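J.: With the hints as your guide, set chain B onto chain A.
Quick mapping for you: the protein sequence lines, in order, are chains A and B. The opening position of the first sequence corresponds to residue 1 in my numbering, with each subsequent residue numbered one higher. The opening position of the second sequence corresponds to residue 1 in my numbering, with each subsequent residue numbered one higher.
These are calculated hints, taken from the structure and not from any lab test. A few of these clues could be false.
Any copy, or any two copies together, can satisfy a pair, since identical chains are not distinguished.
Calculated lysine to aspartate or glutamate pairs in the EDC-like style (CA-CA distance at most 20 Å, straight line) [to be verified]: (1) Lys244 x Glu296; (2) Lys273 x Asp235; (3) Lys82 x Glu296; (4) Lys59 x Glu198; (5) Lys16 x Glu39; (6) Lys16 x Asp307; (7) Lys284 x Asp213; (8) Lys82 x Glu263; (9) Lys154 x Glu263; (10) Lys244 x Asp5; (11) Lys208 x Glu288; (12) Lys273 x Glu104; (13) Lys240 x Asp280; (14) Lys82 x Glu104; (15) Lys154 x Glu198; (16) Lys240 x Glu39.
As the structure is a prediction and not an experimental result, all values here were calculated from the model.
Protein chains: 2
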Amino acid sequence: MSSHDSLLAIDLGGTKIATALVSPAGEILCQEYVLTLAEEGVEAVIGRMVATIDSVINKAGLSRISFTSMAIAAAGAIDSDKGIVTHSPNLPGWRDIPLRQMMEETIGLPTFLINDASAAALGEHCFGAGRGVNNLVYITVSTGIGGGIIIDGKLYTGVSGSAGEVGHMTIDVNGPRCSCGNVGCLEVLASGKAVAREAQRLIAQGVKTRIVDFAEGEPSNVTANTVAAAARQGDALALKIVSKAATYLGIGIANLVNIFNPEMIIIGGGMAKMGDMLLDTARKVASEKAFQLPFEHLRIVPSQLGDNSAVLGAAAFARQPGTQS
Amino acid sequence: MSSHDSLLAIDLGGTKIATALVSPAGEILCQEYVLTLAEEGVEAVIGRMVATIDSVINKAGLSRISFTSMAIAAAGAIDSDKGIVTHSPNLPGWRDIPLRQMMEETIGLPTFLINDASAAALGEHCFGAGRGVNNLVYITVSTGIGGGIIIDGKLYTGVSGSAGEVGHMTIDVNGPRCSCGNVGCLEVLASGKAVAREAQRLIAQGVKTRIVDFAEGEPSNVTANTVAAAARQGDALALKIVSKAATYLGIGIANLVNIFNPEMIIIGGGMAKMGDMLLDTARKVASEKAFQLPFEHLRIVPSQLGDNSAVLGAAAFARQPGTQS
Chain A
1 MSSHDSLLAI
11 DLGGTKIATA
21 LVSPAGEILC
31 QEYVLTLAEE
41 GVEAVIGRMV
51 ATIDSVINKA
61 GLSRISFTSM
71 AIAAAGAIDS
81 DKGIVTHSPN
91 LPGWRDIPLR
101 QMMEETIGLP
111 TFLINDASAA
121 ALGEHCFGAG
131 RGVNNLVYIT
141 VSTGIGGGII
151 IDGKLYTGVS
161 GSAGEVGHMT
171 IDVNGPRCSC
181 GNVGCLEVLA
191 SGKAVAREAQ
201 RLIAQGVKTR
211 IVDFAEGEPS
221 NVTANTVAAA
231 ARQGDALALK
241 IVSKAATYLG
251 IGIANLVNIF
261 NPEMIIIGGG
271 MAKMGDMLLD
281 TARKVASEKA
291 FQLPFEHLRI
301 VPSQLGDNSA
311 VLGAAAFARQ
321 PGTQS
Chain B
1 MSSHDSLLAI
11 DLGGTKIATA
21 LVSPAGEILC
31 QEYVLTLAEE
41 GVEAVIGRMV
51 ATIDSVINKA
61 GLSRISFTSM
71 AIAAAGAIDS
81 DKGIVTHSPN
91 LPGWRDIPLR
101 QMMEETIGLP
111 TFLINDASAA
121 ALGEHCFGAG
131 RGVNNLVYIT
141 VSTGIGGGII
151 IDGKLYTGVS
161 GSAGEVGHMT
171 IDVNGPRCSC
181 GNVGCLEVLA
191 SGKAVAREAQ
201 RLIAQGVKTR
211 IVDFAEGEPS
221 NVTANTVAAA
231 ARQGDALALK
241 IVSKAATYLG
251 IGIANLVNIF
261 NPEMIIIGGG
271 MAKMGDMLLD
281 TARKVASEKA
291 FQLPFEHLRI
301 VPSQLGDNSA
311 VLGAAAFARQ
321 PGTQS
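Chain A on its own, in the form it takes in the complex (with noise of 0.2 Å):
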């Protein structure tokens, strides 16, 4: 393997850290995890992304001499041009972080920084559900909800690096308090940590439901995860639950198709692994709300890249030309 066929790329997210050796046609060629624990700090994250790293060269039985560069992408909000973490809710402490520079100083290769969201929807444009479709916009639906967008088959990033921050935007003027401090954000109302919260509320409240089964018994472990898989079994509140999160996706998705008039919505994140449970409701939805003209042209997909969708995109985004290291 030459130093030309694949690249090294990073998924710096808030509960792990995944690090991929990546070739020119997006296939996975090594790959390895580890828990990011933020709450140890930033050195110390960094050294378990330097361990992945030399890891994953040893496994592929390379040197870091074999790369001519590498990439990250990482959750928060991200100065590409910087190479800087700005701030990341989900990794606490990083505020100003000088990542690129850092991991050069460390690792000696050209280091590319992109936002998670972002990268993945780079990652299934170039090697997933987005193939050959040059306008498209991404929603990973997680413990948040984020999102990047593809115009004319490019990444669009905005003027300062933030843009496709789609899970606030405000659908309900008279909603619940989100983290990012506004109200009625779609993340706060569609996101698997709304699911949970809804689950265990209601279970708090006495409503009779299978839910708790999932979770061993202890109603503070529910997650969207235990919520999906009493759905799945037939759970009325469970599916009452996912029903309400699809509904208010698919009022985002139906603002989404208003304003882009995209040939293509992609869901991604652990809450898309919910299937057509989830996305049959948010389709119905979307259809009732948006546009007729628009939604005809729109098709609404699962992301195909699943785990990987930000690790491949991430090394897609270090080879396109004219991206800054």
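T.: Just chain B, lined up with the frame of chain A:
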């Protein structure tokens, strides 16, 4: 004046038709208005468009053959590639009207067709508040609310030409019914129609106000303009109604800031004539609700071209390389 100097441009709105001779630098050399009177049918409206064209040409001492092409900005859903007015809520009876072909046959000039809000965005980008600004969103706040998007210095119209319908993003899932069939759209909460409706509702409830004085004593005559006039005189109810609309507008702006991270948001349309009375509140609300970083990179400004933004944008559209006539 040679045929290369100026361009015929028409703004076909629900209320009036504006026809102008536009110089390459975006100066209006000659202009005429007639009422649209859409209720008289498509043929009659086209007849009036043709009459103003000939009148403007005559005034300028030219003839039809002095021109190489003409441009039309029209209200409604426009298929620019095919030159068709697909449908138009403000032009009753206009459904799948091949306006480009009809005008080409009648006038004998290659004709370009574009949605009026998209044209206005392009006009402001080429000749107005958005000169030199490559990423911007234009919002027209008028009887309804529409918009246009400039990305990387180019008009973005989506996969089927209808992008930019920012007036039809849901911001209140439990809000009132909008004319588009959805509920809680920005348009039904912050448009001129919304302001008039709210004023009439409160007047009917007997709230003390001078608004009716500005509507010749007749509550059913109350419009956004009369509310604005009363607000300028310090009328408490009028100020409250304007502030409420501005608050909703600020929420819509915040959504667009988080989604687009644009360099500029331009507010045009009749309501923009309220100036800082509207924009100060909208700015304040947007600053509280949008993410801080993209907001710091944003300017929210009024339209510079006012009523001429669409006609000037139509002219710019016809001059763009690659635009299809």
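J.: Work down the list of hints and note, for each, if the structure agrees.
T.: Hints, one by one, checked against the model:
{"no.": "1", "hint": "Lys244 x Glu296", "result": "neither (24 Å within a copy, 34 Å between copies)"}
{"no.": "2", "hint": "Lys273 x Asp235", "result": "within (18 Å within a copy, 55 Å between copies)"}
{"no.": "3", "hint": "Lys82 x Glu296", "result": "between (40 Å within a copy, 17 Å between copies)"}
{"no.": "4", "hint": "Lys59 x Glu198", "result": "neither (44 Å within a copy, 68 Å between copies)"}
{"no.": "5", "hint": "Lys16 x Glu39", "result": "within (12 Å within a copy, 62 Å between copies)"}
{"no.": "6", "hint": "Lys16 x Asp307", "result": "within (11 Å within a copy, 54 Å between copies)"}
{"no.": "7", "hint": "Lys284 x Asp213", "result": "neither (30 Å within a copy, 47 Å between copies)"}
{"no.": "8", "hint": "Lys82 x Glu263", "result": "between (32 Å within a copy, 18 Å between copies)"}
{"no.": "9", "hint": "Lys154 x Glu263", "result": "both (14 Å within a copy, 18 Å between copies)"}
{"no.": "10", "hint": "Lys244 x Asp5", "result": "neither (46 Å within a copy, 58 Å between copies)"}
{"no.": "11", "hint": "Lys208 x Glu288", "result": "neither (31 Å within a copy, 40 Å between copies)"}
{"no.": "12", "hint": "Lys273 x Glu104", "result": "neither (35 Å within a copy, 52 Å between copies)"}
{"no.": "13", "hint": "Lys240 x Asp280", "result": "within (14 Å within a copy, 42 Å between copies)"}
{"no.": "14", "hint": "Lys82 x Glu104", "result": "within (13 Å within a copy, 51 Å between copies)"}
{"no.": "15", "hint": "Lys154 x Glu198", "result": "neither (37 Å within a copy, 43 Å between copies)"}
{"no.": "16", "hint": "Lys240 x Glu39", "result": "neither (35 Å within a copy, 47 Å between copies)"}
Figure legend: structure checked against the earlier numbered hints; hints not met, in rising order: 1, 4, 7, 10, 11, 12, 15 and 16.
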